[in-house]
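One letter stands for each residue in the lines below.
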Amino acid sequence: MADDKQSWLNRMANLDKRWVFLCILLAVGFPLFFPIGLPMRPSQPVKDFYEVLQALPDGSMILLSGDYDPGTKAELYPQNVAILQQACKKHMKVVAIALWPTGPPMLERAFNEVAVGQYGYKYGVDYVNLGFKEGREAVMVEMGRSIRHAFPRDFYGTPISQIPLMDKVENYNSFPVLIDISAGYPGTKEFVQYTQGRFNITLLSAAPAVSVPEFSAYYQSRQISGMLTGIAGGAEYEALIGHPALSARAMDGISFGHLVIILFILLGNVFHFLGKRTSA
Amino acid sequence: MKRQIPLLITFFFGIFMIIQYFIPHHGVNEWGGRFQGWTIIVLAFAYVLGVANVLRISLEKVYRKEADWPFKLVTCISLVLMMGIGLVEGVGEDTFFVRRLYNQLYVPMGATMYSTLAFFIASAAYRAFRIRTWHAALLAVTAMLVMIGRIPIGQGIWSGFPRLSDWIMFEGPNMVGQRAILIGAALGAISTGLKMVFGIERSYLGSGD
Amino acid sequence: MRSMQFSMPKACAALCLVLSAFSGSLAEPILGDQQAAGVRALLPPRDVQAMDTPRDGGLSLTIRWQPPSGEEAGLLGYRIYRADSPNWEFRLVGQVDRNTMEYQNIPNDSIKVQMGKEYYYKVAAYDSLGEAMSEAVGPVKSRPTWFDIHRLPILVAIVLFFGSVLVFFRITKRGKGLFIRRIAGIAAMEEAVGRATELGRPVLYVPGIMDVDNIQTIASMVILVDVAKLAAQYDVPIIVPLNRAFVVPMAEESVRQGFLNAGRPDSYDPDNVRYLSDEQFAFTAGVNGIMVREKTAAHFFLGAFFAESLILSEMGFSTGAIQIAGTANIHQLPFFVVACDYTLIGEEFYAATAYISKDPQLLGPLKGADFMKVVIMALLVVGSLLELFGVHWLTGLLTLS
Amino acid sequence: MAPRNFIILAIIAAVILVMLFTGAFSDFQSLKLWVGALLTLMIFSFLYKDNPFYKFAEHLFVGVSAAYWMTKGIQTTLWPNCLRPVLLDWFQGGAASVAADHLPFGVLPYGVARVIPAVFGLILLTRLIGPIGWLSRWAMAFIIGYAAGTNFTRYLQSDFVGQIYNTLLPVVNGPGAFGVFVAYAVIAAALILAYRFLIAGLQRGAGAVTTRSIFWIATVVFVLLFATKFPNLTVVTGVICGLIYFFFSVEHKGLFGWTSRIGIYMLMLAFGATFGYTVMARISLLIGRMSDLGTWLGRVF
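Residue numbers (my numbering), protein chains in the order written: chain C, 1 to 280; chain Y, 1001 to 1209; chain U, 2001 to 2401; chain R, 3001 to 3301.
If you're looking for bench data, these hints aren't it; they were derived computationally from the structure.
There's no promise every hint is true.
[Stated by the list, open to error] Calculated lysine-lysine pairs in the DSSO-like style (CA-CA distance at most 27 angstroms, straight line):
#, chain 1, residue 1, chain 2, residue 2
1, C, K168, C, K122
2, R, K3049, U, K2295
3, Y, K1065, R, K3049
Okay, chain C solo, but in the shape it has when bound (with noise of 0.2 angstroms):
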């Protein structure tokens, strides 16, 4: 019988590593594809950002900038469907823009899967991907006075004068809010360098995890007024808007990870005790 024991304990001790594999696979796999939605804690910053949004009246127009690319896709975009998530369901009108070149597509997929998908947003009238401009600061500070000049045809090569929802866009005055979706140069800390101050913008800013402590001062100065945080602040924005979705799956495996890599070692501790008392 001990020694039955004895034997369980060892196997368990030193179990063969594809178990833990599996479980890995499961705890990180399975709420991306069937989401739990652990509960979460919204941090200050997305607070700030969540409510920027919600104080603005129904139909606000924002003006949207997507400066990321497929490499920080995982982090970024779903903070991006999040953003228009709320947008939308508060009727606002987006007008999009890029600095990155590879920014549109990831734009156009996000307004595809959200706003045309779910709430029937007509193009050129609810909302309108500008597309890409080449130019960085130098764009920023033209919008200050101009986006008309600055992009005089949208994504898709239409000129702006044949988009109605251009046709009440001005400078940055036009917007109550500019969403900038940062992962790197130029971006949050150009458009707070260069523009936040001069054309007194209300800047929020969704950034990857890396950008973190870099724009933590910005927001401790009020320069940026809310802003998500990398896949845990995409996770807590998703929370608040009451619409978990690709970041709140993204955290709940981390989450699943982490507790199951902490339960490996508690319970190899416990089989290690256990198998020494047996033996002892």
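With the hints as your guide, set chains Y, U and R onto chain C.
Just chains Y, U and R now, with coordinates in the frame of chain C:
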């Protein structure tokens, strides 16, 4: 001849690079920069050796029909095809070489290999964090504390976890430990440099007279 | 350090050029606004100074100024002009934004500085209406510096280190002070090779994934000679997969030398030094394959490793091999410590050759490094006490920039 | 290996190559998904055990990436920075390009300076020719000399002087800190005395275990409080203990042994922290791969 000249070459370039660090004079500096350019070029020549090595060893196995020889053939064919296309077409952003071969073969395989780390980090934690010694105990406990501090559930259990985790990581023990290693390793690197420049360590240069 | 200093104003200047391209188109409407508001004329910058850039190579000059007196709301930035004589025509050198009060005329500018030649500078404040030019300052000429005094602490450290190494050379040559504390990982190397021999399986030696210009790879090549010698003595094959093409000839020489040192040059098999790929994870995949298929029984991971460290050592563990790792890459040490039987941490890794050979010549630098540690500890104690009493000259000395 | 595995492999290879090279497929987004997903699964299959699919992916990856870096090296370094200018010099007399360049100290004409790396490179390639292969050591010697020299000063500046500079901190700071420090020192002395005269001499037994546990818990709490109250002092002491661990010339016994043990504990704490901190990044990578696989699954079903 086989050994003296290489030692002299190493000595000359080593000493020059040390001395030029202290001399801002633009002439000296430009030579330093030039040598750097040379190393990049000489290192690039080595690719020929590398590819020759892969092809030689793989083809030998194919020729001798050793175990897994068809896979060696896969390596050779993909290598030759990829290289041929790249050399003819160039390596610009908008080439077949980059858009198809690089983005669709190389990138996903690299990313997948990288992501297997998630599995290995778990199996390593399960096996190694047994509290057999003080060392293992410290490793396991700090690792768990930091992990708990990084997830929302940890914050739910005790709101201080994230701060504790950040303290361990950025202000406390982690920083101290890293600093001690850095200073020690710097000393090791410096002694190695010294041994190389002055030819105290020369076994790597092979034998000969 | 240098390039930082140089590139910052350059980057600002380039940026401002781009911005000014747009401000050209901006000019018209703003002009209208400002005229309506009745803006007064712009004042020139104050206290313009031109000097030789200190501690430089002799090809740059530095111009500093103070902002114009009074509120300058419309001020966009400053332009820097230069001429060979105060009466000649001044040409635009560069441009900076309104928050920058310094400009360095450096070799990257289109108008360069020649060593020893005299120049005059003017600085202009500009807005959308025009610019206000300062008086010319000069003459100023650039001289090269032959010694960067801020790097004196480094020189002192080198002299101390060299000196101590020389002293220890003499001591160790007389056969004294040869003691080195036990380093378990190095002591276990022979055991590992022996194990592989018992099992009749090959030894695997991975020298990291960096090129030869990384000092860890060089150190690893030197250790490889000793490990190859062990393998030759025990008559087991040693497989060396490589991630960098340039390491191929190095590793070939090292292994061959090891076999030669063991007196068995004929057993050397060049096919076991294998270049796989410069790509980190293709290399990892390949090494995984070697570990599983060739059933290597002793693994040495010595060199500069990155994320692949854990993949290799975990795969290696599951094949049941004895594993000895060593690296100075801090972020990978935890994974080696966790998954390998022995890990050489940082300096222990560099100490390996001296430890194995016990050659008095190699012990000299090791002892010198120990002496330096004593110096550092003394510095830390004294320096911290000085800081405690508000004396900051030591930290000032070590700032280096 | 059984011949039917070869047939499987040949089919995989054919499918992938046809997918890649057929122009008709290039319009499909799903082509990308399929190739990526299949290769991903092939590599993941290794986690279960070695198999022909993994072998295929591994060998393909090695071939493709080795060729990628070699091609890139030739196209972006060797040709534009070395071969092309040398050939231009050769065929056009080189006079024009030499005159235009700045010659520092005029030691070498620029054309010659440009040929030297090519010579070193060709010397390196003598390895491929058996009898004069030893010449390649000259090229190695050049790289090693350059690397040893630059690393020497780089490590001295950033890791040596830089880290020492960061560690020079006022050890006891803040108002009234000295008083607190003295109080802590008294407690520390009390703990050491308690260990020496009380704990160390305890015999086995339930009471002893309890007393010991209380003592060690009190010590850990004390150390933690001390570390947070005097962070700078902790840093300086910690670094010194760590350095003592790396001291090779003296046997680690007595006081030296104690401090070096504290040093290695510091290192273990650091390793644990780094390990725990890295978990998130690794899991995120896996999530990235899985969501790509998910997109593919979504397409398929």
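Tested hints:
1. C/K168 <-> C/K122: 16 angstroms, holds
2. R/K3049 <-> U/K2295: 14 angstroms, holds
3. Y/K1065 <-> R/K3049: It holds: about 24 angstroms lies between the C-alpha atoms, which stays within 27 angstroms.
Hint compliance for this structure: no hint is broken.
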